[in-house]
Amino acid sequence: KNEVEQSPQNLTAQEGEFITINCSYSVGISALHWLQQHPGGGIVSLFMLSSGKKKHGRLIATINIQEKHSSLHITASHPRDSAVYICAVRGNQFYFGTGTSLTVIP
Amino acid sequence: DSGVTQTPKHLITATGQRVTLRCSPRSGDLSVYWYQQSLDQGLQFLIQYYNGEERAKGNILERFSAQQFPDLHSELNLSSLELGDSALYFCASSAPRGNNSPLHFGNGTRLTVT
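Chains as they are written, first to last, in my numbering: chain A, 1 to 106; chain L, 1 to 114.
So here's chain A without its partners, still in its complex pose:
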């Protein structure tokens, strides 16, 4: 049983395209995190959400608590956005999605 489901698993986009990654979860949570992992392995936290919407540069994250769903949007995608994006939720412990591997082609 997966407490967190992400889609798509893999995504290839042309530079400049608008990208959406989706995350659905089945447990009660206090916060949802979007993480970015580059090929070198390091993990960076992009957003932490408990409600509503957050924006940072070209990245936007939204969460709908009632529907237990979050989306990560990347506007005007760039090859440097190529990475694995991971959704994580904090309930009584952390649960992780399996990640979305994004490749942006110049």
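It should be emphasised that the hints constitute simulated quantities derived from the structure, not laboratory data.
Remember, it's a predicted structure, so these values are computed and weren't measured experimentally.
Mixed in with the good hints there might be a few duds.
Covered stretches of chain L (in silico footprint by chain A; criterion: 3 or more residues with CB under 8 Å from a CB of chain A, positions within the stretch not fixed) [said to hold, decoys possible]:
| # | stretch |
| --- | --- |
| 1 | 38-46 |
| 2 | 53-59 |
| 3 | 102-110 |
Glycine included, C-beta positions come from ideal geometry on N, C-alpha and C.
Please build the complex by placing chain L on the supplied structure of chain A, with the hints as guidance.
For chain L alone, kept in the frame of chain A given last:
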């Protein structure tokens, strides 16, 4: 640079052995989290400490243990190692605002068990 320091970066050891991974959190952060990332199981939460006390527990094996010291650094001890324990082990820290604080990750320790 996240401010979280993990040592060592790489560790190669044999089955049955015991290793200790170390994590120094960002200055001022009271919470330390340990995660395991393996190829077949993805990221998994192991355990959280807050100011020296265990706060939350995830999928941590009985062969694994952790602690957080008075200076807030943390150690993850892995014993009776098996081939399947080969993974990247990440530490993260967060500010003292309960469970809803952004996470700051270290660069990880890559453990290889042969």
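Notebook entry, point to check: Does the stretch 53-59 of chain L contain three or more residues whose Cβ lies closer than 8 Å to a Cβ of chain A?
Noted result: holds (count 3)
Check: Quick check: the stretch 38-46 of chain L, covered by chain A? Criterion 3+ residues, Cβ under 8 Å.
Finding: holds (count 4)
Note to self: Please check whether the stretch 102-110 of chain L has three or more residues whose CB lies within less than 8 Å of a CB on chain A.
What the structure shows: Result for this restraint: holds, n = 7.
Going through the hint list in order, the structure satisfies each hint without exception.
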